[in-house]
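There are 2 protein chains.
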Amino acid sequence: MSLTLADLGENQILEWLEKKFKPSRDVKMGIGEDCAVVRIGREEVTLKTDSMVEGRHFLREHPSRWVGWKAMARPLSDFAAVGAEPKWAMIAISLPRNLTRSYFLGLYGGVKRCAEEFGVEIVGGETSECPDRIVMSVVVVGQGGNCRRKSSRENDAIVVTGELGGSYKTGKHLRFRPRIREAKWLTRNYEITSMMDISDGLAIDLPRLVVREDFGFCVSLERIPVRKGFTLEAALKDGEDYELLFTVSPRDYESLEEGWKKMFPQIALTKIGYVRRNGSKSFSLVGYQHFVD
Amino acid sequence: MSLTLADLGENQILEWLEKKFKPSRDVKMGIGEDCAVVRIGREEVTLKTDSMVEGRHFLREHPSRWVGWKAMARPLSDFAAVGAEPKWAMIAISLPRNLTRSYFLGLYGGVKRCAEEFGVEIVGGETSECPDRIVMSVVVVGQGGNCRRKSSRENDAIVVTGELGGSYKTGKHLRFRPRIREAKWLTRNYEITSMMDISDGLAIDLPRLVVREDFGFCVSLERIPVRKGFTLEAALKDGEDYELLFTVSPRDYESLEEGWKKMFPQIALTKIGYVRRNGSKSFSLVGYQHFVD
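Protein chains in written order, with the numbering used here: chain A, 1 to 293; chain B, 1 to 293.
Be careful, since some hints might not be right.
[Claimed, not checked] Selected chain B positions facing chain A (Cβ under 7 Å, derived; list incomplete): (1) L3; (2) T4; (3) I13; (4) F21; (5) K22; (6) S24; (7) I40; (8) T49; (9) R56; (10) A92; (11) E121; (12) S128; (13) E129; (14) T170; (15) V211.
[Stated by the list, open to error] Subject to a maximum C-alpha distance of 25 Å in a straight line, what follows is the list of computed SDA-like cross-link-like pairs (lysine to any residue): (16) K20/A x E116/B; (17) K19/B x S102/A; (18) K169/A x K19/B; (19) K150/B x Q12/B; (20) K237/B x S280/B.
Just so you know, these hints were derived from the structure itself, not from any lab.
Even glycine gets a Cβ: it sits at the ideal position worked out from N, Cα and C.
Using the sequences and the accompanying hints, generate a full structural model.
Shown next as structure tokens:
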């Protein structure tokens, strides 16, 4: 019997890819981070590509404007995760030929609205046919960004923006605003030791951020900012929160919290725990992972 | 009854996109060209994204190594079309969870081999699930390239590399070598007034290159380099040739032809006609167009 991708799981696939594609010295950030950062001539350029599959990331009955918005917002959330500034985008879209013109216009309208909202210009793309479902992939190109995963230090505070859980049920997964502005403010004013965006749920993403051989996390479950009307389990497992998850020295955290309240009074900021030498390596509740039941 | 994309056709969709996404002054080349060229800081950066859909651009029974090769070679062919130098790539792939590990390894192996062959490094990507079929999208980033479509001058010679037709039946569509090296040589040594790669067939692509309000083309059908064993119709309509189609002043063409024979003795080069003020606007035989029967 031959092994399938379901047998492997997403983490193993990623590990394999990291081994297979070893970065050269012109790659500042590569596979395994939220964006790639590469040297092009005299500039460092930040790159991200992200795909959305109908039935998986959205349904045909969702308003196409919001589907378009989400397709652009997802890679922008990765730009936020590394603290980068997005500038250009390209859209590759494969879709059924019986799709209506109005659906198509809505889709591109949503893409465009989100791009404009965050100062991004669409400069290219491609359409092709896919009989069964819509698959969209959006490329974002820009500059800046040096926040990695797994670069936290012992005793750093673990911090999360906004509220977690229920993103799918509340429609947040379609209409969320990528935390570009917030991430820029954080990285300009504080030494953010590691950062990512929460897409698969805190239970899966936090280990990706802070678990190394020598470190783990120590989190107070009661501090996790659960969205009203949802359970802790939902906050850990639902995913698609597109909130920032980052670490910062505990000393810096106090002034950061004060500054945040002035800058972004409408967005929650929560210190949920610390990076510890003998911290946990995983939550007992496990979130959503592609290719694994 | 609402209009579908099949009613619109690819050319109309493209026209609509060009209108909707008007380029700013930092865009040197945008929608409607084979690549985008944008300003990032002090550099001009060349961008392309291209998608391949299983059942449309390849079949499951094709060797996965060659499917991977093709996925990378297609956007590289667009880089050749504008005379640009590729440097970085990202792979977004959506695939069924029951895909075997060995298929997956073959796919990435092919992508990697093609990338290395042309000096391209893979720096990121993404995998997600798509239940029915594989959809791959490859982003290539690099520098240079200033060959546009539709910038030919009256009386320019129309030139094509290689042989046309039968790409699918002979397997060339999987194994072709993008004309990166040849395009670089052409654009460095001659004033190429317009260029593109032939992906939808000469009958569709030539009008895209030279038809403007005031110009058309004048082509000798008997000069079209038909692949041995195939018909003129196949050469015009089959598509997926991934050959260069370009225009150059008739005076330059003579020395270009001589130089070409020395540099690339194994690759045919054919002057098939001229750009004329009263030239044709289309072939009577029509090639393959997405979304149009």
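Worksheet item: Taking each numbered hint in turn, which are not upheld by the structure, reported in ascending numerical order?
Response: 5, 14, 15, 18
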